[in-house]
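Asker: The chain contents come next:
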Amino acid sequence: MKRFILSALFFITLLWIWHLLVLAKIWSPVLLPDPISVWEYLKGAAEDGTLLQASMVTMRRLLAGYVVGIVAGLPLGLLTARFKFCEDTIGVLALGLQTLPSVCWVPLALLWFGQTETAMLFIVIMGTLLSVIIATDNGVRNVPPIFARAARTMGSKGLHTWFNVIMPASLPFIVSGMKQGWAFAWRSLMAAEIYVTILTGFGLGHLLHYGRELNAMDQVIGVMLVIVVIGLLADKIVFAPWERFLHRRWGTGRA
Amino acid sequence: MSIREELENVVPAKLAVERVSKRFFTGRSSEVQALDAVSLQVNVGGFLCLVGPSGCGKTTLLNIIAGLEKPDSGQVLADGKPITEPGRDRMVMFQEPALFPWLDVMGNVMFGLKLKPGLNAKERREVAEFYLKLVGLERFMHATIHQLSGGMKQRVALARALAPNPRVLLMDEPFASLDALTREQLYGDIQKIWATRKKTIVFVTHNVREAACLGNRVILFSSHPGRIREEFKIDLERPRDINSVQLAGYSSEIMRALKGYVTQEVAE
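Residue numbers (the numbering used here), protein chains in the order written: chain R, 1 to 255; chain B, 1 to 268.
Simulated from the structure, these hints should not be mistaken for laboratory data.
Careful: at least some of the hints might be erroneous.
[To be verified] SDA-like, lysine to any residue: derived pairs with alpha carbons at most 20 Å apart: (1) K114(B) - K236(R); (2) K70(B) - I146(R); (3) K259(B) - G249(B); (4) K157(R) - K259(B).
[What the hints assert, rightly or not] A short, non-exhaustive set of chain R residues, derived as facing chain B with CB atoms under 7 Å: (5) R152; (6) G155; (7) W250.
Just so it is clear, CB atoms sit at the ideal spot from N, CA and C, and this is done for glycine as well.
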């Protein structure tokens, strides 16, 4: 509770400083709108449904691509860790493409798929997939060999060992890879949405883009806040429970 | 299968190691003869300790009996049948507990039981609880592994190894990284379990006193090449106290022999 109050106080202070800066009239209100006008934009956009709709469009794209990326990335990572042939082919390819910032997939996706949902999906998948492949591969390679030996003495072999020993043992790596994949996918999707208009759905990136076109700084900052909040929520709701589980079981980090 | 049947003592196995050799390549052309035509017998329900300097192949021999490694030549028979792979009749305790951190204590003990056919979920739980009680950890059933002390971890590993009711227990320096006090408690426990659960035990250690305390027989290995040098019979009442004078007599006898071989090797 004390931590919550301190945290709340910090953000209230931040808002106050912002408000005072606006009152001091150092910058034009076009460049630095009052927190109250940002709040009013958010309220209005929430009431007429634009914000919710845009968030839904963005989240739908993100989740669809993310799920595909994980479902494809996990087995590929296991393959590259298990078979030399896959390591030398898929593994090298993944490692190479990983160095490419995922935003760089945007121009290619647009040329290949046009201004379509498929392009968006492709961008999110590429952001997720490579991180998950590499993290899974890395996780499997870091499993202490004694785990597999102990499992063998108890009669575990083949796929049973992979599903019941190797995969859970690599979980810390896999979760951090999933988190990184999420971050990459989120960033590249935003870039893509700001970059091009997809007529089948206006996401948060579009709202941000039109905020700039209209010189509506309250909209720009308001949408940025929404993006930050979604990112925070994803972290707290999706990843934090996993990380707590890992810390508790592996005895890492704070108890 | 009923719980009663499952928990009943099985007949411990008789092991026969027949001219087992194993080499390891340590470089492009250099190799180590870890085991050189080693033969030995372990009686039904015997408690055999293997001691020797590090690198004498005692762990390799244990791994071969476990089926985790294959000999270059020779074979190991368990009740007359050649060992080719790991099996539930021979469970292993390693120097590290090798417990799975993603499972709680109960989950770890159940891991091997889940792979054993003939038990339903409820029976498996009861069997696991029985062995956790045997090692004195029934209160820690739902604890996570990293919360346990080193000694408790090895107790869980012991319960996990006992749970599938093996005929043979293979122990590879399981107490080497524990403090002296915890170790002494475990010496008592392992002797009690050996007596009540009737297992054939092969115990690898470099601690001579530990070997004299636990084994009915102690076999001394020499290294490069790994061979059996001498065998000692320990005729002492159980449970044995590691600090007793008679035991000290045995351990200094073994120690003298061990030192003799070590200096001889250096001279060679």
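Asker: Hint check: K157(R) vs K259(B), CA-CA at most 20 Å. Holds or violated?
Answerer: violated, 42 Å
Asker: CA of K259(B) to CA of G249(B), is that 20 Å or under?
Answerer: holds, 15 Å
Asker: A closest beta-carbon separation below 7 Å is what the hint needs, so does R152(R) meet it against chain B?
Answerer: holds, 5 Å
Asker: Taking only the CA atoms, is the gap from K114(B) to K236(R) under or equal to 20 Å?
Answerer: violated, 35 Å
Asker: With a cut-off of 7 Å on the beta carbons, see whether W250(R) makes it to chain B.
Answerer: holds, 5 Å
Asker: Taking 7 Å as the limit, does the beta-carbon of G155(R) come near enough to a beta-carbon in chain B?
Answerer: At about 4 Å, which falls below the 7 Å cut-off, the nearest Cβ of chain B leaves the hint on G155(R) intact, so it holds.
Asker: Would the hint linking K70(B) and I146(R) be met if the CA-CA limit is 20 Å?
Answerer: Cα-Cα ~17 Å, so holds.
Going through the hint list in order, the structure does not satisfy hints 1, 4.
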